[in-house]
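Participant: Residue numbers (the working numbering): 72 to 240.
Careful: at least some of the hints might be erroneous.
[What the hints assert, rightly or not] Heads up, simulated SDA-like pairs for lysine to any residue below, C-alpha to C-alpha not over 25 Å straight-line:
no.	residue 1	residue 2
1	K108	P166
2	K102	A225
3	K199	Q89
4	K177	T149
5	K159	L195
6	K177	W204
7	K199	Y222
It is worth saying that the hints were derived from the structure and are not from the lab.
Small disclaimer: the values here were computed from a predicted structure and weren't measured.
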Amino acid sequence: MDHKLKKEKERKTIKTLQDENEIPHHLAEEKQSIAQKYFAALYTQDEIPEERIKQYLNEKKLPTIPDLTKEMLNVEITMTEMKEAISKQKCNKSPGPDGIPAELYKEIQTPLEQLMLDLYNKTLEQAKLPNSWTEAYITLILKENTNDSRYKTADQFHYLMWITKYSLE
Numbered sequence: 072m073d074h075k076l077k078k079e080k081e082r083k084t085i086k087t088l089q090d091e092n093e094i095p096h097h098l099a100e101e102k103q104s105i106a107q108k109y110f111a112a113l114y115t116q117d118e119i120p121e122e123r124i125k126q127y128l129n130e131k132k133l134p135t136i137p138d139l140t141k142e143m144l145n146v147e148i149t150m151t152e153m154k155e156a157i158s159k160q161k162c163n164k165s166p167g168p169d170g171i172p173a174e175l176y177k178e179i180q181t182p183l184e185q186l187m188l189d190l191y192n193k194t195l196e197q198a199k200l201p202n203s204w205t206e207a208y209i210t211l212i213l214k215e216n217t218n219d220s221r222y223k224t225a226d227q228f229h230y231l232m233w234i235t236k237y238s239l240e
């Protein structure tokens, strides 16, 4: 049994990662540094001045949203929508950076439902997600039946972000 576990761990271990100069690295610290740099660059947004964004959008001939559609988009999340979104959360999954599993949200839903609903609607009203909701655990996973350089990512976000997303669908 030990032998099988060891083989499985070896199979899943990232053996090499290439840096930005395509130089392969084998040491754990180097691989960690390469992965951190890659994802930091991948998820870093350039700050674009708001005036430049407005200028760009004004130059484009964008369709306008009818008033009825605007009203529908600005409607608050209802209690029913939130409860449905919470019920869609899968249990027995690893939690995101907040460490709170879906099971807890399902348990605390009733006593805290109004507080949670107010939080979601305030977030929509301000049109800005709290910074903590945008944090995620990103895990590199070796793709099946490929060589050592083919990886996919698994992202674990806060369940609050997922509940908001499902409430808006």
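Participant: A separate judgement is required for each hint: does it hold in the structure or not?
Facilitator: Here is what the structure says about each hint:
1. With a CA separation close to 24 Å, the supplied pair K108 and P166 stays within the 25 Å bound.
2. Distance hint between K102 and A225 is fulfilled; the C-alpha atoms sit about 17 Å from each other, no more than 25 Å.
3. Taking the CA atoms of K199 and Q89, the gap is about 36 Å. The hint is violated against a cut of 25 Å.
4. This hinted pair checks out: K177 and T149 have alpha carbons roughly 17 Å apart, not beyond 25 Å.
5. Between K159 and L195 the alpha-carbon distance is near 20 Å, which keeps this suggested pair within the 25 Å criterion.
6. Of the pairs offered as hints, the one joining K177 and W204 holds, with about 18 Å between alpha carbons and a cut-off of 25 Å not exceeded.
7. Among the hinted pairs, K199 with Y222 is inconsistent with the structure: their alpha-carbon atoms are about 32 Å apart, more than 25 Å.
Going down the numbered hints, you'll see the structure goes against 3, 7, while the others check out.
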